[in-house]
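Protein sequence lines correspond, in order, to chains A and B.
So for the first sequence, numbering that gives the first Met the number 0 puts the first residue at 0; every next one is plus one.
So for the second sequence, numbering that gives the first Met the number 0 puts the first residue at 0; every next one is plus one.
No false leads were mixed into what you were given.
Pulled a few chain B residues facing chain A out of the computed Cβ check, cut under 8 angstroms:
#, residue
1, SER41
2, TRP42
3, SER43
4, PHE134
5, VAL163
6, PRO164
7, THR176
Restraint ranges, calculated between C-beta atoms of paired labels, are given here:
#, chain 1, residue 1, chain 2, residue 2, range
8, A, LYS123, B, ALA315, 28 to 36 angstroms
9, B, PRO75, A, ILE47, 26 to 34 angstroms
10, A, ASP190, B, GLU33, 55 to 63 angstroms
11, A, LEU191, B, GLN35, 52 to 60 angstroms
These aren't lab readings, by the way, just hints derived from the structure by calculation.
For every residue, glycine included, the Cβ atom is placed at its ideal position computed from N, Cα and C.
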Amino acid sequence: MDVALKILVVEPDAARAQDIIDALKDGGWGNVFIVSDISALAPKLTEIDPDIVLIDIAHPDRDTLEHIGAISHAKARPVAMFVDRSDADLTQAAITAGLSAYVVDGLQKNRIKPVLETAIARFKMVEQMRRELDAAKQALTDRKTIDRAKGLLMNARNINEEDAYSLLRKTAMDQGRKVIDVAHALVTAADLLG
Amino acid sequence: MTIHEVKCGFLPLIDAAPLIIARELRFAHDEGIELQLIRQPSWSALRDLLALGQIDAAHMLSPMPLAMTLGQSGMPTAVDALMVLSVNGTVIGVSQSLARDMEKTGWTADFSSPAPAATALFGSKRKIIRIGIPFPFSMHRMLLEHWLSAHPSFRSNRVEIITVPPPRMADAVANGTLDMFCVGEPWGTAAVQQGVAELILPGSAIWQFAPEKVLGATHDWVEQHPDASRGLVRAIYRATRWLDQPTNKPLAVEILARSQHIDLPHEAIDPAISGQIVRRKGTPPISPDHFLFFQKNAGNFPWRSQAAWIAERIAAWGGLDHEDAVRRGMACFRSDLYREYLGPLGIDMPGASVKVEGALRASTAVSSTAGQMILGPDAFFDGAIFDFDTQ
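Here chain B stands alone, though its shape is the one from the complex (with noise of 0.2 angstroms):
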């Protein structure tokens, strides 16, 4: 077998486990694929690589490939998503200070329902509340705007969002720089170790099924190594099978505490893996539904109205043409090649490669190359939902 040499980029953060599970169990090697995981410092310098070819696939907010090919961040590039990587995993946190004056509203915390703590938020009388992400093209900024401006108290000029590196979101909650955060795993639980801040919700309950982060690669690297994006997908695919079994957990824990590429200790890695969230420090742990998972319920499946979804939030963002941006933000979200790829394997597929976004409001089964397969939910918390087949 031809062993083809794959560079990688990837953040140091929980989900950026499928990558190295595909690598320490193997997975990349049995596709013949010589997995090299090349640690980035910060997501604009992990594009620039990504744009400038001196890495050939990467683990990328959801956002970052539409974002680059619409030329909206860094050097215009055709940036393909091959796979999602993974489905939600992120929370949201505020200051110990903002917590309190959100309970003098009348707001009690259940880390599930997200209408009453942004009626809590508008209420805590603070004239601007200040919130950091890691990225201002992530899926983070777009749960957050979705969630917070559907309320009535809403004003674009009480919150700002501003960005900060993952690791120094604590520090920035304990000196006042931020009031609040979105970010994912492990740092919101690091905030909460810390003392520093109170995790309010999962970004889970916003949108049940929010395409987080996605295995990116340039338009033409895709084109001119067809083996090795094969073998990729496939593996990454196995990687992300094995992380969905509960068995699996605790050993994925070991191995992802130990791996030289994440540098966290156990305890940062084990909340987010096993879905034991502790809201508050001293509080038992919570187990929120649909946390953060890799595989199942097509999990992986590069949804071209996920696409469809983001491309609106960008194109608004930057003032772009609606229709264009949805057009060509769908193309990039590669559903196509998924089936090349993974198909011949047997692996079940959706039938459809839109679906409409925020339809499912239970697990719900729907046609599939198979027979049936299972998906959802996908539901927003206000009941929206987004039919891309009809625009």
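One chain only, chain A, in its complex shape (with noise of 0.2 angstroms):
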């Protein structure tokens, strides 16, 4: 396992966060910080810049780390969680939806580690999945812009859709632009125009 991972601890109490931090050294993992007081916690995420976050279920600050994650263009991490109670259902549960956030048993120092590896596993699919979504979903969105521009062209110059893609591609060229953007600027032009 990778041993430079940079983990960040969200943990105000003192004596657990170094409990926190004996356990990750046990697994391995010695590239660990805390941060106690969450005011500091995005400029320590740019600071930092963690593989991994680890911040208690019942904590209240998670509402503000959720909001950094959703709304800073923060890059992706996956978040564990850990509970002091034995809860093996929802342990479970957690694991089978795949959440990126998993449910660390207590402290125990075995569970840590195999937990933590399949967080980090599972959060990179995810996200390889999410990163292939979004290129699909920016491919048809630009086709879509794409043939609204050479219908455009068409009915312009009473052109055929090959002669319309032609001159999108040479203008494109001309200009040294891609051609999804000429055929953005098109679009808009004549949406303004009405």
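Assembling the complex is the task here: the two chains are given apart, and the hints tell you how they should meet.
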């Protein structure tokens, strides 16, 4: 496993934070940072750029962490959570659901390592799928825009589809721009002109 | 009668009252529901437990079921809003120093005029105004954005919206992390009582009829538990009707203060329930119109058009396909089930499930299943109108 993995732990209680550091060290992770004050979380995330964030499931600051992830376009990261009580049902449900946040049974040292490893692997898989889906959606949107631009040209210049696309491509090449950018400009202009 | 056990998550806020009253006054029991209330430390935790099936239903911020369904918050999960639990009830407050800077622009707080307040805010010479909200997917954020972005001086880089757990809102203002907040009661009142903030507007001044909390459950749970789902909605409907009776309010405050579920003192609960808000420490209370209500004016009815309004905002934040998000979002607000569950009890229902949001400047009679009912007002401060039928 990646020994250089950077882990940020959100934990206000110093003794508990130390327990977590010890458990992680035993698991082979020495690159651990602690943030105890949530208002320092946003700058810490930027500064440390951790690979994973650990936070207690019962921590009220989870909502703040969610917001930073959702709004600031920060790099998506897995967030693992831990609970003090043994809650096998919940752990199982989280793992089955593929939640990128996992629940560690208390702080049993032998449990942290496999759970973190699974969390990271699962997270990478979900991220990959998300990226592929985003790329597919983008491609679809681009195609719609290009089709509209072609339609506009066909109407305005009374040319066929192939010629319309050639014209778009030539304009793009002449101007050193992408075909989609030229198509966008054309569609926007047409919308403005009504 | 079969008894259905229902585990319901909630956050300790005044507007969890319908759930607490449904349990404590045994409205749930009368419907065959053994209602267990499970307190949660954060909206994220509540959301995850609902998605994982550890709780059956939940007190949720109205945008949450849509955000979950549209895959924007936590694990993508189809979640239905069975009914609206509360309408309005949020407050906007500013730090003492920001209030003084706003006053220097010639502004006087009247606790009812959003446009002049925004002018004073942007005229305060602050480079960045940091505003606390309880969760990224909240009506609080939607109201703030609607209010501030309409102003000619609005620049997105002048406003920073930050999530802060409501119990810590007052501290965040006191230590300078926040200049301002939009939060549900009792946390606005708490910040006033601590002398760190002044309230400048109720949320209802921005939108007079904003669905604040809803009863959420996963679509799968609703499908698989029709009896429990019906019983729950009926019990909570009775609780909300009870809560809106003026003569019940003193007793409601007593029950909520005594309840182990909410754990707040009497004086923290009373202002929101009685609608008597102290804007600034040491000043007499004000009674804003429509501050917080639970059932009147078809308040519980999950209008598809409210869902559409919320979905549009979520789509804009997440860069989602607008039409698809609105269509799927509207389907989350289950006005169909609401009619099916409550219709047989002879409860009057609006004739339509979509209304033109923002069109009612005053209370208005509209057609209903029983003839006529009173709706609204539901106007936005700037006269904005959202007609989802024509889109």
